Structures are given as structure tokens and as C-alpha cells.
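Knowing the structure of chain Y, use the given hints to seat chain X on it.
What follows is each chain in one-letter form.
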Amino acid sequence: MTGDHPLIRLERLSKAFGPIYANREITLDIHAGKIKSLLGENGAGKSTLMGMLAGRLHPDGGRILIDGRPRLFGSARDAIDEGIGMVYQHFMLVEAMTVAENIFLGHAGGLRLKTEEMERQVADLARDVRLDIDPAARVATLSMGEKQRVEILKLLFRRNRVLIFDEPTAVLTPQEAQQLFEALRRMARQGKAIVFISHKLDEVMALSDEIAVLRKGEIVADMPAAEVQTKEDLARLMVGRAVILQVKRQPQETRQTVLRVQGLNDKPLKDIRLTVRQGEILGLVGVAGNGQKPLVETICGLRRPQTGQVRLMGKDWSHFHSDRRWDGNLSYIPEDRQSLATCRYLSLTDNFLLTTRQGFCRGPWLQRGKAEKRLRELIQDFDIQPPDPRAEARQLSGGNLQKMVLAREFFRRPRLIVAEQPTQGLDIAATEDVWQVLLKARERAGILLVTGDLAEALSLSDRLAVMFNGRIVDTFEADNQSKIDRIGLLMAGVTDQPAEPAPVHVT
Amino acid sequence: MFTLSAYKRQEPRPWSSCLIVFAAVVISLAVSALMLKLQGKPALHGIELLFQGALGSRWSIEDCLIKAIPIFLCSLGVAIAFRLQIWNIGAEGQFALGAIGATWAALTFSDQPGYIVLPLMFGTAFLGGGLWGLIPALLKLKMRANEIIVTLMLNYIAILFLDYLVYGRWKDPGSFGFPMTKAFSVSAIVPKIGATDVNWGLVLCLVSGVVMYVFFRFTRMGFELKVAGENLNATRYAGLPYVKLVCVVMIFSGALAGWAGLIEASATINRLQPSIMVGYGYTAIVVAWLARLNPLTIGIASFLLAALRVGVENLQLELQVPAAFGGIMEGMILLTVLAGSFFNEFGFRFRRPS
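Residue numbers (the working numbering), protein chains in the order written: chain Y, 1 to 507; chain X, 1 to 354.
Derived by calculation from the structure, the hints in this document are not laboratory data.
What you are looking at is a predicted structure, and each value in this text was computed from that prediction instead of being measured.
Hints should not be assumed to be uniformly reliable.
Distance condition first, Cα-Cα at most 30 Å in a straight line; then the derived DSBU-like pairs of lysine-lysine [unchecked claim]: (1) X:K226 to X:K142; (2) X:K226 to Y:K370; (3) X:K244 to Y:K315; (4) Y:K293 to X:K226; (5) Y:K315 to X:K142; (6) Y:K267 to X:K140; (7) Y:K200 to Y:K216; (8) X:K142 to Y:K267; (9) Y:K293 to X:K142; (10) Y:K293 to X:K140; (11) Y:K293 to X:K244; (12) X:K142 to Y:K373; (13) Y:K370 to X:K244.
The shape of chain Y in the complex, shown without the other chains:
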């Protein structure tokens, strides 16, 4: 439909933060009735671009045309009035309210609202677009996929013409993602313009009508999806060089058990049992929020187990954590690298010393000079930017900060590694590096890899455990193809057993 004028045209849009251009002269058309994917690595400038479109950021240059007329957004409110809505990665919902109340929030006309009337309207709308939801349900009780539907209904209810989705599949099971895609196609057919932001190549290929690729703040390609031949082409455009996202995994002899969890029943966990031996990677997969976080925090000493048994390196939990050696022991690579694994306002040297300080002590004195020397070597090995031990942690990009955490934690020569979403937010090249490093570490350590990224789990793991609703629903070897085919169902809580026996809780 090249004859149509676009619903929205971005013309030579630029935005700089300090001396760095996040977006440079971006020109992009968004058409009604089409799904436009915006593909790019983290830090490529996708969020900045959409921030300008949603009225949260002011462009330094260029203009936004809506229906051919230039518009200036002073605030997010202006963009909403123009019918541009966004579904963020972190949902903007009031947990204590019902679905219908959330949808009417900040939008209702009169003083008094009738609950039945609101719920009826929401139910009608949901039926029209076939987004199945109970309007009277409290948001807190909904799954991530359902919450996302509420967000979408919110936008549709406001008669938004442009719907922007920022990495919407990150929190969904594969089945939920499929349902979302169907809904997106349906909405496009009804004349909405859909913008789909992602760095997942398969999704973009499967869903889009048009694909624009953003690299280092500039549009490097903008084409109909039909013109894209292979995934590799797209990856090359996105990264700027050829990439092979594959690692070779040699089988490794497993040795000593370094982690054993038995009968852990702390809320919300249910009868968790797992073991990790030196020489293997156990991939713990599941949709975020199904109990992975409390399990990891318990293992790593942030949360005291109230039930069952957690043994690390053959010692029980309290013994192990009360007297923790800094090296040859446990390394925890948390998902939250910005506020858990590092301190924003401290130098890299200080951040390096955070978990290695016992190795750089003489009496009460801290040997900062020695630590800085070691860190310089690590910065070289891991190619951390900027290569300055005195830089503050907040000056590092997400990927470099993660490399810094990895460098520090591997420096401790751990025998047990708990890695939580280790490549989230990393670009493809950095992801490759991290995978290689983890596989190498497997030679002497047991690794518990907690990830929501199935591709990552399948590439790295020797065994897989699937977590749903606080329970490990299944554990199997990584070569068990029939189980792997059903992994999506397992993540959604569908198991073979017709009825699960209630867990016996003995106190």
C-alpha cells in the first residue's frame, strides 16, 4: 500500500545525550494496518526513538508528522491525545484494582461510575478483539500474559491508532507469545498501526509486515518483511558483522555434588529438590516470577531457608554462609547487576573488591593498589569499556557492567556458579563471549543457569529443570528431545500427571 500516506512519519529525528547521539536523523514511516518491527540491539536507540514518539523525550532535531501534519509533543499526554499508546515492559497497572477499574482509570467522564456498566463495556471490547479476560478480576491475581492483555485493552479503549510494544514477549510463555501475535495481527487488520520492538530475530521474521533495523542510533535498513531472505542477513544488519550464535558443548565428566536442595517449601516455593554437580550446567527455565528468584536468593544466602535442606559444597546452609571463603567457593551472578551486584557510585576497583576483598587484605589494611593491578588485567581480558579502574560503575553500559561482574566472579575461581539471566540486555557479540566463558567455567564448577531465554538454556545446559508456580515440574537431560518439544507446555504448568499429589508438609 505504498500509495497511502503514512499515519505517522518521523523526519530526520535526532536526540543526543551529552556528546553521544542516541538517535541521528531517523526517518521512518508507520502505516495504518501494518505491523512494523523495530529491530536493534540493546543500546541501539530503540527506546529513545519510541520515547520521542510517546512524548516522553524531546527531539533535538527533526519533526514528527501525524496524518501529514507536524506535531510537537510537550508531554506524554499530548501523544496519548494523538492516539499513540505504548505497552511497556514493566506494566503500568494498579495491582489492587480490577481489570475494568484499571482500564477506566484516568479516563472516566462522570463523577460516579457503575461497576456493572464498566465491566460490561470492557467485556464487549475484549470480545470484539478476542482478548479473553475477566473484567472483574483483580489485577494482582492475573498472569503476566493476562496483565499484558489489560494493557492492550487500555490502549484500545482509548481508541489509540498506534500501539507500540516494547519487547512484549520477554515475560510470556511461548504459548502466550503465540496468542499475542494473533492478537497483534487481528488489530492490524482492524486498521491499527502496530510497532513491535524486539531483538529476537525469529519473532520479527514471523510477525512483521515491515522491518526497520536500528544500529548505533541510525536506521541501517527499512524494508518489507518479504524482502528478508534469512535470519542471518537480519542479524548481520543488526550487529554490523556476521554472527554465528552457536557454541560447541563437549560432554564433561561430572564430579562432586556442589549444591543439593531437598524439600524446600518456603512460600512461594513448593517442595523444591535439585542437585548440581561440578562439571555440569543445570538450566532452570520458566517464565519470570514462578519462584526462581526466591530459590536463587535462598541458595545464595540472601534468604534463610525455613524448611527442607540446602547444602552447598557438602555443608549445610547456615554453616556455609556464616563462614564463606572468598575464593574456590560460590559465585552469584544476579540478574540485577546495577543495584545488587555493584554499587553505582563506587569505582570499578571498589566494585571489584566487593566480593574479593578478603583476597586483598593485610591485617586491617586493604591493598587497593594490588587490587587495581589485578583489575587492569581483567579489564583487558574481558575487554571492559571504559578500561579505567577508577571509572564509576554507573558510567558503564549494561553489557560492560555485566562483563565486569563476570570478570570479578570468575576471578574467584568458583566451584558453584549461580547465573541469573546472564546475557539479558547484552548484544549478540557479548552474549557469545558470556556463553563461552560459562562453558569454560563448567570444567571446574557446577553451574545453575536461571534463564527465561530458551535458546540460551538449550545451547548451554546439560540438564534442564522447568519451574512453574513455585514448583520444579520436570527435570530431564538436554538430549531428551520429546521433553524439549513439550517445554513450552511445561512452562505453562501443563504436566503429564492428571492430578498432582498435594505436597506433604512436615514441620
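Quick look at chain X alone, frame taken from chain Y:
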């Protein structure tokens, strides 16, 4: 039409914080002059009297130094607690308990020579102030009691306890009924430096400041404190002994205030009496904030606020302004500096709406 909009600076300008403090002081002085004017006093002459009183002669400068010593010690103590994000506003009470501890040793061992009684006094003042600081720490850790409230309440308890002692058990029989202890024996008085009026407490300040700097910069525990003050999550992540850190910090925080009480009782008043409580512990909080918890700038700010006290005394004598005037100025300087720190982090620009 132009609109004014604020934006966050990427990097704070290094020289701007000096400028801001200077501007804040000037604004405070201007407002003070205005207040004098409103009371029908000569405004410019008043400001002149303020400066003259504080810095006009050798004696007045010595007086400033003498007052700066307890403020500095209290402020240093407050600052180490603040660095750990423990809001100890109980320096006043810890100061009182330090003075009480020192007085006990001074009265009990009054016939001993100085090299015995003075170290004993430093020990008991340390214990008094330190334990008074430890109480809120334990209540916070064990019962999650808010340390702001507990330290504040303990101030009143400490002051009443001091009153109880000087009105009762420790009252000097020869004081004609005035609430005060006997004067300390010469051996229990911290001596003066050479021919000046300034006591050796000044050197104690210097040493404590340097020790604090070295401790935070070069020791493992100093590093751990820095992390724990920066980020509680990372503290748990790295397995730092948070409970121990809080206790140690509150003991030293209280002990420094306690030593300030010792210096004040021993060197300045030579006895214990209720008038020892002149609010140094509260001024110390202002100083710690103004100085952004840095030992060197705490030194400068302590001297300035001591000078303000001395200057306002002169103003009171000459122009009969109320005593509260000093407190008002102190508060005004703090508020203007805090408000001014906004300009450190944000810049402004005009925008013309298109």
C-alpha cells in the same frame, strides 16, 4: 514567551559547589540584615558587628576555635553514622553522657596526677558516649526501632540524667545551691596550648579527622562501611557484616560526641553543670550536612558556625537582639545551602515554544 526548564547535568561542575555555598551564605546574611532592619536596628552595622565579634581580634578568633572543637568532634561522629545512612541525631545526648563519664572519673580520681586521670577520663567519656550511641543501634537492629526517634528521645533522657546528677548526688556542697559539681582538680583539666586560650582538644580534632580519613580510605572495614552506606542490597550480596558495622559505627559516633563533652566540661567550664548543654550536638548535624560528610570541610564548617555563635553573642550585647537570632541564621544557612545544591545537579535553559 519563554519558558524556563531545568535539565539534569551530566557532570556536576567542580567549582560550582564552592560558589553555591558562598552564595548561600551571602543570601543568609542579606536576609539576616533584612530581619535586623525590620526590628528597627541598623542592618549593615549589625552585619559588621557580627564579623567584628567573631573575627575582629585574637581573643575572638580563639573563642571561635574553642567553640569549634566540640562542634567538630560531634560533627565527625554524626558524619560517620550518616555515611552508613544511620541518622544519628543524638550527638547532644552522647555529648552529655561523655561529659558525665569524664566527670565521674575526674571527681573519683581527683587526687591522681594528670597522666592517670586524663586517660581515665577519655576512657569513661568514650564509654559513656559510645554506649549511649549503641542503644539506638541495638534497638534498630533487634526491634527495627527508627533510630531518628530513638536518638532524639535519648537526648532528653541524657539531659535529664545530667540534671539529676548535678542537682543531686554530684552537687557541690559549697555552691550556694547552684546546680554544679565541684571544680575539677588541675590534673583533670585538659591544658591549653602554649600561651593561647585554646586547649589541646584542637589537636584531638586534627588527629581524629586524619584517623577517620585514613580509616575510610585504607582499611577493609572502612571500605565495608562505604559499601554499606552506599547500597544495602550490595551489602547483603557481598555478605558484609552489617550488624557489626552498625554497632561499631554507632559506638564511635557516640564516643566522638562523648569526647566533645569531656573537652567542654574539663577545659572550658572545669566542672559539670547544666549550662554545658548549648546545642553543639544539633549544630553538628548542620555542619555535617554543609560539609557533605567530609572531614576537612567539616573542619571549615565547624569554625564558621562557631564564628557565627561568637559573632551573634557580640550582636546580642551591642544591639540587644534576641539569642534566638543565632539559631535562625544557622537554620537559614543550612536551608539556603541545601536549596542551592539543586543548582549543582541541574542546569537551566530558556526555551521558546514553537
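Cross-check of the supplied hints:
Distance check on the hinted pair: X:K226 and X:K142 sit about 23 Å apart at the alpha-carbon level, within 30 Å; holds. Among the hinted pairs, X:K226 with Y:K370 is consistent with the structure: their alpha-carbon atoms are about 19 Å apart, no more than 30 Å. Distance hint between X:K244 and Y:K315 is fulfilled; the C-alpha atoms sit about 24 Å from each other, no more than 30 Å. Between Y:K293 and X:K226 the CA atoms are separated by roughly 27 Å; this keeps the pair inside 30 Å, and the hint holds.
The straight-line distance between the Cα atoms of Y:K315 and X:K142 is roughly 28 Å, inside the 30 Å bound, and the hint therefore holds. For a cut-off of 30 Å, the pair hint linking Y:K267 to X:K140 stands: about 27 Å separates their Cα positions. A C-alpha spacing of about 17 Å is found between Y:K200 and Y:K216, which places the hinted pair at or below 30 Å, so the restraint holds. For the given pair, X:K142 sits about 24 Å from Y:K267 by alpha-carbon distance, which is consistent with the 30 Å threshold.
With a C-alpha separation of about 26 Å, the suggested pairing of Y:K293 with X:K142 holds against the 30 Å cut-off. Distance hint between Y:K293 and X:K140 is fulfilled; the C-alpha atoms sit about 28 Å from each other, no more than 30 Å. The hinted pair formed by Y:K293 and X:K244 meets the criterion: a straight-line CA distance of about 27 Å does not exceed 30 Å. Taking the CA atoms of X:K142 and Y:K373, the gap is about 41 Å. The hint is violated against a cut of 30 Å.
This hinted pair checks out: Y:K370 and X:K244 have alpha carbons roughly 27 Å apart, not beyond 30 Å.
Going through the hint list in order, the structure does not satisfy hint 12, though it satisfies all others.
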